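Protein chains: 4
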Amino acid sequence: MSKVNRPAPAWQIDQWFNTPAALNLESLRGKVIALESFQMLCPGCVSHGLPQATRIRATFAADDVAVVGLHTVFEHHAAMTPTSLQAFLHEYRIQFPVGVDRAGIDGAPTPRTMSAYFMQGTPTLTLIDAAGVIRYQHFGQVSDMLLGAQIAELIREADTLRKSSLLEGDPVQRSQAAHCDEQGCTI
Amino acid sequence: MSKVNRPAPAWQIDQWFNTPAALNLESLRGKVIALESFQMLCPGCVSHGLPQATRIRATFAADDVAVVGLHTVFEHHAAMTPTSLQAFLHEYRIQFPVGVDRAGIDGAPTPRTMSAYFMQGTPTLTLIDAAGVIRYQHFGQVSDMLLGAQIAELIREADTLRKSSLLEGDPVQRSQAAHCDEQGCTI
Amino acid sequence: MSKVNRPAPAWQIDQWFNTPAALNLESLRGKVIALESFQMLCPGCVSHGLPQATRIRATFAADDVAVVGLHTVFEHHAAMTPTSLQAFLHEYRIQFPVGVDRAGIDGAPTPRTMSAYFMQGTPTLTLIDAAGVIRYQHFGQVSDMLLGAQIAELIREADTLRKSSLLEGDPVQRSQAAHCDEQGCTI
Amino acid sequence: MSKVNRPAPAWQIDQWFNTPAALNLESLRGKVIALESFQMLCPGCVSHGLPQATRIRATFAADDVAVVGLHTVFEHHAAMTPTSLQAFLHEYRIQFPVGVDRAGIDGAPTPRTMSAYFMQGTPTLTLIDAAGVIRYQHFGQVSDMLLGAQIAELIREADTLRKSSLLEGDPVQRSQAAHCDEQGCTI
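Heads up: the protein sequence lines correspond to chains Z, H, F and P, in order. Residues are numbered in the working numbering as their position in the first sequence, beginning at 1, plus a constant of 6. Residues are numbered in the working numbering as their position in the second sequence, beginning at 1, plus a constant of 6. Residues are numbered in the working numbering as their position in the third sequence, beginning at 1, plus a constant of 6. Residues are numbered in the working numbering as their position in the fourth sequence, beginning at 1, plus a constant of 6.
In case anyone wonders, no lab produced these hints; they're calculated from the structure. Every value quoted in this text rests on a predicted model; they were computed, and no experiment measured them. Take these hints with a grain of salt, some might be off.
[Unchecked claim] Which chain Z residues face chain F? A few, computed with CB under 10 angstroms, are given here:
1) Pro26
2) Ala27
3) Leu29
4) Glu32
5) Ser53
6) Glu81
7) Ala84
8) Tyr98
Even glycine gets a Cβ: it sits at the ideal position worked out from N, Cα and C.
Starting from the given sequences, assemble the full structure and let the hints guide the process.
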């Protein structure tokens with residue numbers, strides 16, 4: 007199954023930080039979602055992934071793009087507890103909502119949301135469109151310029167969807183408008 | 007007069023580098039143009055503007071975006087001759103076409119294209135849409151993420167124009183289309 | 007009491023990583039010591055202090071300079087346990103010995119060695135000369151060039167001490183030789 | 007013949023910038039000299055060599071270390087004239103003295119001082135000790151930490167020379183004190 011061009015699986019979260027209420031895909035429908043999956047002790051996440059997520063938040067309007075962190079611990083579980091994460095978020099001044107991915111089934115090291123999104127590791131940046139479809143997924147480093155272009159493309163699509171009132175309309179029609187099949191997504 | 011949302015003035019060029027033939031706006035119609043105005047002895051151009059132009063060229067398809075340099079010398083004219091520029095382009099491995107802006111009228115220090123575009127200094131990055139309209143102009147530093155988003159927006163518009171066949175259609179209609187709608191660009 | 011130009015206080019360490027045996031000042035006498043005090047969740051330590059300590063280790067001969075880390079946790083104690091530190095050292099590939107500073111007396115938040123060295127925070131880099139005297143202490147950022155110069159100065163002094171056989175000689179004479187007054191330290 | 011551990015050849019300079027009077031090795035005797043050889047259109051010189059020379063000037067006392075630039079043009083001669091260099095120094099805010107190396111004999115592309123120092127290219131940083139002996143020569147990039155250590159070593163030697171009054175004394179004795187022969191230099 008392809009990682010992209012399919013409906014984003016539900017997030018399975020044990021605990022949220024930096025948000026008064028739990029988030030979910032449905033409540034963010036209509037916005038582009040930039041989902042930054044990281045581990046607090048992953049050097050590439052600290053030097054590259056998280057600062058880039060912060061730049062996304064600074065560049066695009068909150069009405070257009072929701073930046074959400076996902077703490078996907080698949081190694082050193084005892085070292086990256088929610089207690090440690092909370093101090094990390096404070097010290098690194100991460101201000102967007104961050105959810106703690108639920109531990110894997112039957113003690114599997116990879117947590118559940120990470121598995122459901124077929125992520126290879128951390129950092130992974132997933133872009134979910136306004137209709138809730140995974141459109142891009144980048145493992146490791148991706149340039150700011152390419153990312154800016156992809157987000158702008160999804161914002162433009164969201165505007166088109168919004169104008170055509172399809173977001174509030176019939177789910178089947180909405181799904182057709184998004185045109186996501188195995189070949190890709192078009193509107 | 008506004009710098010943006012008006013037809014891009016013609017380029018007044020004495021000499022071209024990195025291209026077999028002179029370029030002009032008409033021959034690039036249908037593509038987004040990223041026009042990088044620089045001076046070879048401007049530190050911000052060397053450290054920021056020109057590398058960013060090179061990243062634009064590497065990120066977007068040549069069919070979608072044309073990257074063009076404009077050597078807009080407004081100081082130290084004797085130090086930044088075409089001979090010096092040629093060596094500079096060679097040493098810095100600048101591979102996109104670069105035109106030498108024509109000296110100002112009656113000995114004015116600011117060259118002609120730079121004046122016609124109301125540029126404040128160097129580096130200046132101007133984005134011209136597929137219909138030949140100046141849409142964005144950045145003096146100094148602009149982030150890769152924002153720039154990527156703006157270019158993607160203009161590419162998407164060019165696609166729409168192309169699909170509606172307006173580019174090949176009646177110039178008046180094209181001009182009306184290009185000059186945007188209620189939400190978009192007006193002069 | 008001055009932070010520098012006095013004998014380095016003994017290290018009070020609960021646990022060592024990256025070394026088969028506990029380290030102490032006496033066993034390193036004769037070498038310059040670069041003591042990097044850090045917290046694993048301190049951004050400046052991760053981006054600046056620890057990479058600089060690694061560069062010290064790569065630049066100078068191990069016979070001349072011993073690089074030693076000191077985990078001086080004075081906040082978020084529950085988040086920066088030895089278990090978390092071990093994973094951190096692994097992920098960031100820190101290869102020099104690191105000691106865990108002992109918790110403060112009577113529950114004081116600042117750990118004992120950190121207090122004894124009058125450190126203001128993290129990162130702090132302390133340079134201890136071959137005779138065991140604190141000679142420089144830098145809180146926050148210090149340039150590689152200045153640090154390289156200071157370490158070279160202390161190595162040169164150590165060579166002089168070694169040639170004059172004072173290191174193996176009478177402790178009183180050695181102490182006098184190493185001694186520092188208001189004008190500074192001379193040998 | 008070795009590049010280092012031999013008396014520094016005289017500088018053959020056509021023109022000086024940033025100094026009221028011509029400089030020469032004799033007038034700088036007693037100081038460590040950091041000689042930064044560069045070409046104004048050499049990218050590595052602009053991004054690395056010249057900023058490092060500026061950091062040397064900022065880190066060490068002017069009484070201890072003299073930073074001197076040498077414009078060693080061995081290619082694109084028509085593009086890097088003294089007129090262009092002057093604008094370059096102004097725009098890049100280079101504030102230390104810079105001499106223009108004299109054109110090669112019989113039209114050889116490599117200028118004379120560059121040849122006499124056996125430099126491989128630009129940037130090249132040469133460290134000359136207080137007695138006028140070439141001690142280190144780095145082509146390309148060298149780390150700030152190593153460079154800081156080497157300069158500190160030479161400053162310390164200069165202090166020792168100064169204390170022993172040898173600098174003002176008999177040239178033969180001074181030369182002996184510097185102990186520079188084909189095997190190397192010691193004091």
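These are the hints, each one checked on the structure:
Violation of the interface hint for Z:Pro26 is found here, the shortest Cβ-Cβ separation to chain F being roughly 23 angstroms, above the 10 angstroms cut-off. Checking Z:Ala27 against chain F: minimum C-beta separation of about 24 angstroms lies over 10 angstroms; hint violated. With 10 angstroms as the threshold, the beta carbon of Z:Leu29 stays out of range of chain F, its nearest partner Cβ sitting at about 24 angstroms, so the hint is violated. Hint status for Z:Glu32: violated, given a least beta-carbon distance of 33 angstroms to chain F, over 10 angstroms.
Satisfaction of the interface hint for Z:Ser53 is found here, the shortest Cβ-Cβ separation to chain F being roughly 8 angstroms, below the 10 angstroms cut-off. The interface hint given for Z:Glu81 holds, since its Cβ lies 8 angstroms from the closest Cβ of chain F, which is under the 10 angstroms cut-off. For Z:Ala84, the interface hint holds, since its Cβ comes within 10 angstroms of a Cβ in chain F; the closest pair sits about 5 angstroms apart. A least Cβ separation of about 6 angstroms between Z:Tyr98 and chain F falls short of the 10 angstroms threshold, and the interface hint therefore holds.
In terms of the numbered hints stated before, the structure departs from hints 1, 2, 3, 4, listed from lowest to highest.
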